[in-house]
Each structure stands twice: as C-alpha cells, then as structure tokens.
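Asker: Which chain is which? The protein sequence lines are E and H, in order. Those letters in the first sequence? Residues 1 to 112, by our numbering. Those letters in the second sequence? Residues 1 to 113, by our numbering.
Rather than coming from a laboratory, the hints here were simulated on the basis of the structure. Source: prediction; values computed, not measured. Treat the hints with care, as some may be off.
Across the chosen pairs, the derived CB separations fall in these ranges [to be verified]:
#, chain 1, residue 1, chain 2, residue 2, range
1, E, S52, H, M19, 38 to 44 Å
2, H, T5, E, S70, 37 to 43 Å
3, H, T70, E, E66, 39 to 45 Å
4, H, R77, E, P40, 26 to 32 Å
5, E, E66, H, P39, 27 to 33 Å
6, H, Q17, E, S70, 48 to 54 Å
7, H, M19, E, D8, 35 to 41 Å
8, E, L7, H, N28, 34 to 40 Å
9, H, I54, E, S3, 22 to 28 Å
10, H, A2, E, P40, 18 to 24 Å
11, E, S109, H, V12, 26 to 32 Å
Note that CB positions come from ideal geometry on N, CA and C, so glycine has one too.
Okay, here's what each chain looks like letter by letter:
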Amino acid sequence: AQSVTQLDSQVPVFEEAPVELRCNYSSSVSVYLFWYVQYPNQGLQLLLKYLSGSTLVESINGFEAEFNKSQTSFHLRKPSVHISDTAEYFCAVKDYGQNFVFGPGTRLSVLP
Amino acid sequence: NAGVTQTPKFQVLKTGQSMTLQCAQDMNHEYMSWYRQDPGMGLRLIHYSVGAGITDQGEVPNGYNVSRSTTEDFPLRLLSAAPSQTSVYFCASSHEPPGGELFFGEGSRLTVL
Numbered sequence: 001a002q003s004v005t006q007l008d009s010q011v012p013v014f015e016e017a018p019v020e021l022r023c024n025y026s027s028s029v030s031v032y033l034f035w036y037v038q039y040p041n042q043g044l045q046l047l048l049k050y051l052s053g054s055t056l057v058e059s060i061n062g063f064e065a066e067f068n069k070s071q072t073s074f075h076l077r078k079p080s081v082h083i084s085d086t087a088e089y090f091c092a093v094k095d096y097g098q099n100f101v102f103g104p105g106t107r108l109s110v111l112p
Numbered sequence: 001n002a003g004v005t006q007t008p009k010f011q012v013l014k015t016g017q018s019m020t021l022q023c024a025q026d027m028n029h030e031y032m033s034w035y036r037q038d039p040g041m042g043l044r045l046i047h048y049s050v051g052a053g054i055t056d057q058g059e060v061p062n063g064y065n066v067s068r069s070t071t072e073d074f075p076l077r078l079l080s081a082a083p084s085q086t087s088v089y090f091c092a093s094s095h096e097p098p099g100g101e102l103f104f105g106e107g108s109r110l111t112v113l
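Produce the entire structure from the sequences given, and follow the hints as far as they go.
Answerer: In structure tokens, the structure reads:
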C-alpha cells in the first residue's frame, strides 16, 4: 500500500525567509503527486500537482515543487514566505487507482 | 459556485446516538469520498464512491455507512456514535481518474461525549 511521509510536523520560519517542506512517498510505480493547503477552520485547497511532463511545477502564489523519481520525493519550496502562508500543508499521492493517500501534514508558521 | 457543501458544520452527540453528515456537490463528479482528520494523522479515507449505486470501504470504515443514490449526494451515517469518532470529517469529490484532483468541503466537526 502507498504511504506518504512528511518528516517535519512543524516548521517555524521568519517572514521573507525561504522554506522547504519535505515529502517522500513509498510507491515505485508511476504516481500523481499533489500538495494541498489548509488554512485554519477551512477545507483543503489544491496548491499544485504533478501529473506528467516537467518535473518542476509551480503554483500561482510562488510555491514550487519538484518531482524526483529516483528519491521518490516531491518537496515543496518557496523562496520568500509571507505571514499569509501560515497554514497546514499536506502532501498526497495517487496511483492509477481511485484513491488518494495523504501525509500527516506539516504546520508552517511564518513569524514576523 | 457552491462546489462541495457539507452540513452540519458542528455537531455534538452522546455515545450511542446516530446521525448523518450530508455532502452534496454540483460539479457532476463521479468520484466522492469521506475522510476523517485527526491531529498528526493526516486524512484517512472512510468510504468512497465511483458513481451512483457504487460504494466501497476505505482505510477506516468501521462504524460508518454510506450510500450513493444520486451523483450529487453522498451522506455519511454514524450508526452508534463512540468517543473515538470525535473528529473533523471532510467530504471530497473529483473528476474522472486518474489525474483529477480532489475538491473538498469545509468540514464537519463532530464531538462525541
């Protein structure tokens, strides 16, 4: 069965500093990869996804993630974070089946 | 532009009571699912459906029932609530597999006393 690891449960970072949220998955077969963001008391929203093609994918608000097949990783990065990026971030993987498997989440706290 | 709508947003139950969490989507998605979210555990799949009349179990189905009589609706029933079912529940839907992303409702916070 698929599994997703997010090693950092909490990441505090100062405003305008860079950040990387790590995600590793277990599957050796082709997968689709997603990052979701959850703001307090809200549902999850899609941040970005990798389906095929270029291994670097970007979101509209400055986040990017790189698919690395050999390391089975899909780390999320942002070169300069804002206070408004404070949220919980979930990595998810989906293979050719129907269902998603989510990681435990990383809580990003951006400090002034 | 409603998307996925869940009701109620908050509910308090006593042990042994039953209730239904409602979920409706207006995007004509075939796939619908229910997750529970608990601290440090991410989201765990309870039940899912790939179309009207078709449902299947996910990772943590015990204590929950679902049905899918229409494309739009996917209610989750708690048969006899237990304190272990205290959680935040999310309904989600998506387009045809395999690459469609999930669209989530805003969640239903359930407390079982």
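Asker: Which constraints among the numbered hints does this structure fail? Numbers only, ascending.
Answerer: none
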